[in-house]
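2 protein chains.
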Amino acid sequence: MCEGPLHTCFDGAQHDTPPVFKLTLRDSLIYLHMLVTESALRTFTQNIFLAMGCNAEHAALATDVLLLSDLRGIDSHGVARLTGYIRLWEKHRINPTPNIQIVHETPTTATIDGDAGLGLVVAPYAMQVAIKKAELYGSGWVAIRNSNHFGIAGYHALMAVEKDMIGFAMTNASPLVTPTFSNERMLGTNPMCYAFPAGKYPPVVVDMATSAAAVGKLEIAQRAGKQVPKGWVQDKDGNDTTDPHALKNGGSLLPLGSDRDHGSHKGFGLSATVDILSAVLSGANYGPWVPPFVAFLEPSDNPVGKGIGHFLGAMRVDGFRPVNEFKDHLDNWVARFKSASPIDPNQKVIIPGEPEYEAEIDRRKNGIPIVDAVVKDLNELAEKLKVSPLTP
Amino acid sequence: MCEGPLHTCFDGAQHDTPPVFKLTLRDSLIYLHMLVTESALRTFTQNIFLAMGCNAEHAALATDVLLLSDLRGIDSHGVARLTGYIRLWEKHRINPTPNIQIVHETPTTATIDGDAGLGLVVAPYAMQVAIKKAELYGSGWVAIRNSNHFGIAGYHALMAVEKDMIGFAMTNASPLVTPTFSNERMLGTNPMCYAFPAGKYPPVVVDMATSAAAVGKLEIAQRAGKQVPKGWVQDKDGNDTTDPHALKNGGSLLPLGSDRDHGSHKGFGLSATVDILSAVLSGANYGPWVPPFVAFLEPSDNPVGKGIGHFLGAMRVDGFRPVNEFKDHLDNWVARFKSASPIDPNQKVIIPGEPEYEAEIDRRKNGIPIVDAVVKDLNELAEKLKVSPLTP
Numbered sequence: 001m002c003e004g005p006l007h008t009c010f011d012g013a014q015h016d017t018p019p020v021f022k023l024t025l026r027d028s029l030i031y032l033h034m035l036v037t038e039s040a041l042r043t044f045t046q047n048i049f050l051a052m053g054c055n056a057e058h059a060a061l062a063t064d065v066l067l068l069s070d071l072r073g074i075d076s077h078g079v080a081r082l083t084g085y086i087r088l089w090e091k092h093r094i095n096p097t098p099n100i101q102i103v104h105e106t107p108t109t110a111t112i113d114g115d116a117g118l119g120l121v122v123a124p125y126a127m128q129v130a131i132k133k134a135e136l137y138g139s140g141w142v143a144i145r146n147s148n149h150f151g152i153a154g155y156h157a158l159m160a161v162e163k164d165m166i167g168f169a170m171t172n173a174s175p176l177v178t179p180t181f182s183n184e185r186m187l188g189t190n191p192m193c194y195a196f197p198a199g200k201y202p203p204v205v206v207d208m209a210t211s212a213a214a215v216g217k218l219e220i221a222q223r224a225g226k227q228v229p230k231g232w233v234q235d236k237d238g239n240d241t242t243d244p245h246a247l248k249n250g251g252s253l254l255p256l257g258s259d260r261d262h263g264s265h266k267g268f269g270l271s272a273t274v275d276i277l278s279a280v281l282s283g284a285n286y287g288p289w290v291p292p293f294v295a296f297l298e299p300s301d302n303p304v305g306k307g308i309g310h311f312l313g314a315m316r317v318d319g320f321r322p323v324n325e326f327k328d329h330l331d332n333w334v335a336r337f338k339s340a341s342p343i344d345p346n347q348k349v350i351i352p353g354e355p356e357y358e359a360e361i362d363r364r365k366n367g368i369p370i371v372d373a374v375v376k377d378l379n380e381l382a383e384k385l386k387v388s389p390l391t392p
Numbered sequence: 001m002c003e004g005p006l007h008t009c010f011d012g013a014q015h016d017t018p019p020v021f022k023l024t025l026r027d028s029l030i031y032l033h034m035l036v037t038e039s040a041l042r043t044f045t046q047n048i049f050l051a052m053g054c055n056a057e058h059a060a061l062a063t064d065v066l067l068l069s070d071l072r073g074i075d076s077h078g079v080a081r082l083t084g085y086i087r088l089w090e091k092h093r094i095n096p097t098p099n100i101q102i103v104h105e106t107p108t109t110a111t112i113d114g115d116a117g118l119g120l121v122v123a124p125y126a127m128q129v130a131i132k133k134a135e136l137y138g139s140g141w142v143a144i145r146n147s148n149h150f151g152i153a154g155y156h157a158l159m160a161v162e163k164d165m166i167g168f169a170m171t172n173a174s175p176l177v178t179p180t181f182s183n184e185r186m187l188g189t190n191p192m193c194y195a196f197p198a199g200k201y202p203p204v205v206v207d208m209a210t211s212a213a214a215v216g217k218l219e220i221a222q223r224a225g226k227q228v229p230k231g232w233v234q235d236k237d238g239n240d241t242t243d244p245h246a247l248k249n250g251g252s253l254l255p256l257g258s259d260r261d262h263g264s265h266k267g268f269g270l271s272a273t274v275d276i277l278s279a280v281l282s283g284a285n286y287g288p289w290v291p292p293f294v295a296f297l298e299p300s301d302n303p304v305g306k307g308i309g310h311f312l313g314a315m316r317v318d319g320f321r322p323v324n325e326f327k328d329h330l331d332n333w334v335a336r337f338k339s340a341s342p343i344d345p346n347q348k349v350i351i352p353g354e355p356e357y358e359a360e361i362d363r364r365k366n367g368i369p370i371v372d373a374v375v376k377d378l379n380e381l382a383e384k385l386k387v388s389p390l391t392p
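Sequence order for the protein chains is A and B. Going by my numbering, 75 is the number at position 75 of the first sequence; the sequence numbering is gapless. Going by my numbering, 311 is the number at position 311 of the second sequence; the sequence numbering is gapless.
For the record, the hints were derived by calculation from the structure and aren't laboratory data. Glycine included, C-beta positions come from ideal geometry on N, C-alpha and C. Take the hints with a grain of salt, since some may be wrong.
In silico DSS-like cross-links for lysine-lysine, where the CA-CA straight-line distance does not exceed 30 Å [as the list claims (entries may be wrong)]:
1) A:K348 <-> B:K236
2) B:K236 <-> A:K338
3) B:K163 <-> A:K306
4) B:K230 <-> A:K217
5) A:K163 <-> B:K132
6) B:K230 <-> A:K348
7) B:K306 <-> A:K338
8) B:K306 <-> A:K200
9) A:K306 <-> B:K348
Beta-carbon label-pair distances, calculated as ranges [what the hints assert, rightly or not]:
10) B:S76 <-> A:Q101: 43 to 53 Å
11) B:K226 <-> A:R223: 39 to 49 Å
12) A:T43 <-> B:N346: 55 to 65 Å
13) A:L136 <-> B:N302: 36 to 46 Å
14) A:N324 <-> B:N302: 15 to 25 Å
15) A:R364 <-> B:E219: 42 to 52 Å
16) A:P229 <-> B:S76: 29 to 39 Å
Please model the entire structure based on the sequences and the hints provided.
Spelled out as structure tokens, the structure:
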């Protein structure tokens, strides 16, 4: 790994000013990154959302959601997606000035219509409703329809954790995953997130796609010219394959568990749960009707609901036991699991949410590495929208 | 397969009276079953619980939970476990006359102390509390400590479904499963269940252990003298193995996902979620401190809580949208998934809960097959407790 300012890029291009670059080895690939400060990335991203027509409050909120993903090291769900959001907005599939409304409620439940707004704005609004209900009655649960991609589930669940609540967040997504025994794309990677406040340790955050592997992992293998492990993807006829291009060629991702023998019906069941809570309950599209994230694919002509759906919840810890007792025991839980006997002494048990927390500390301090190709995309976007380019 | 009354058993034993037997081929093994009517099994089981000292109401309730497991074809969690409960009672680890109490609550949350009672009694009691809260406020959530094994999670979640609610049920269990990167048994098979009311279709019931495979599957392979697939179990040093005896010899079960490449950290995360909600939140034992189900292993000398823990919840469907709308869309969801393109035309997609529903219809009508070895166990138990033996 080499660090430091370069005047000549590795591809031979000359820069007028010396940007801060960094070479990183990850998944056997060498990436050229631009190291950007949190504040520079925040300003840039806000300007893009303002150019889309969002008001200042919504632009700041959407930016906060995207940035937490980059800060926590989940590069696939951060600013790398900005061009995708813009393309959907250009197709009038994202409404930058949504009238987000509660359309149905009880003291502790609600259904919210996101008015085709950014999920990055609709979901935090809905989570605030869940938190408010939890403050009043112990718990709050909100199903959301007519929304779009909401970023990382963890952002929304962590909003509850800040209030000493347990946070829940899930969303359905474009169909890429098959149920067990099928070769048809019926489900999204449908993530679910559970987040818990600890005391001296960072929050425990279980934030996971319900597929065996994420699309991003296939893309990494494609770039590296490598095969993927069996059990990630099948071809269009339903044969297990190690070809990282299988998904592009009509194949599909496999549910967590990979095959029936290893519990793929469980991964399917979890994904189904996310789909039903997020969409059948809210009135959004479900299963194969979920509108695609990519703008070059058109949504279904016969939708069964509105937009995509999310499901969010918050429960007050002190609805069950005093907060300090819970935190003390969760700290004890974390400490005990960290000290579980390792197979390899150099690889201890990883607590869910721990690597993301460590990335966040590092990146807030040292800057966020943005891959060269993403910087290029973002600056083309900036030029089109007449926004200042991204700089370190 | 052959059916009908036999005077001579296949092992050569002579019976005084001709019992109704059935030979079934399952998992490459031929089983000799006694076909028992639901009512005969119910009476027998109630008598066992009465002999344990349960009052009539508790005995009937515990029986109802166990029987639903046998009726739904989940033989591992039904009356086959009766001898296990009795052994725990003999060791004074199950209190047959518990004083089940709410020890903490808000309008929609509660913590219940099960007073070391049967989970089969404590959990339905707790679920009634959750349902009552949901009736009043839209949703209800109950964490339970100081309990014991609660049977199938599906029973409790289905109590909510009967009221047009969505049911949630989970429990922690004796440590047999390792976190990713460890060779130490830290977690139970920690099941989670989500159940949804449909219209013309049976309820959708996702009821799954968060391990790659259940202990029962290893036992089947042991009896058949077969190896198990890689990814189910590891030996005491953390090596993946196909030896079905590995668990008995100090090995451990693997989380759903089996290995890091296939998402075992997700299975670990789900299992951790169940452990934290069931025990860290309620004040029960968690992780390696969870008391073992088998009576020949002693609980920890330094417990971190009381007994084992469960977490149950109910949400009113009409807290989000009218019940008929939800059911119509869930029916549409089920129909669409049933018709998803199959890889093999003879094996269509299985909707979660569908096989169990079909087994229930069949067994209520035609009787419940109880494996010969279990019948023998149960009748030895009956003799010891001076209860009438199990007959067809």
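Status of each hint after checking the structure:
1. As the CA atoms of A:K348 and B:K236 are separated by approximately 16 Å, the hinted pair is consistent with the 30 Å bound.
2. Distance hint between B:K236 and A:K338 is fulfilled; the C-alpha atoms sit about 19 Å from each other, no more than 30 Å.
3. Restraint check for B:K163 and A:K306: satisfied, since their Cα atoms lie roughly 27 Å apart, inside the 30 Å limit.
4. With a CA separation close to 23 Å, the supplied pair B:K230 and A:K217 stays within the 30 Å bound.
5. Of the supplied pair hints, the one linking A:K163 and B:K132 holds, its CA atoms being roughly 26 Å apart against a limit of 30 Å.
6. Of the pairs offered as hints, the one joining B:K230 and A:K348 holds, with about 23 Å between alpha carbons and a cut-off of 30 Å not exceeded.
7. For a cut-off of 30 Å, the pair hint linking B:K306 to A:K338 stands: about 23 Å separates their Cα positions.
8. Distance hint between B:K306 and A:K200 is fulfilled; the C-alpha atoms sit about 24 Å from each other, no more than 30 Å.
9. For a cut-off of 30 Å, the pair hint linking A:K306 to B:K348 stands: about 29 Å separates their Cα positions.
10. The beta-carbon spacing between B:S76 and A:Q101, approximately 48 Å, falls within the hinted interval of 43 to 53 Å.
11. Range check, B:K226 to A:R223: Cβ separation about 41 Å, and the 39 to 49 Å hint holds.
12. Between A:T43 and B:N346 the Cβ separation comes to about 59 Å, which falls inside the hinted range of 55 to 65 Å.
13. Checked against the hint of 36 to 46 Å, the C-beta distance between A:L136 and B:N302 comes to roughly 39 Å, which is consistent with it.
14. Our hint of 15 to 25 Å for A:N324 and B:N302 holds, since their Cβ atoms are close to 21 Å apart.
15. For the hinted restraint 42 to 52 Å between A:R364 and B:E219, the CB-CB distance of approximately 51 Å keeps it satisfied.
16. Against the hinted window of 29 to 39 Å, the Cβ-Cβ separation of A:P229 and B:S76 comes to about 31 Å, which satisfies the hint.
Violated hints for the displayed structure: none, as all numbered hints are satisfied.
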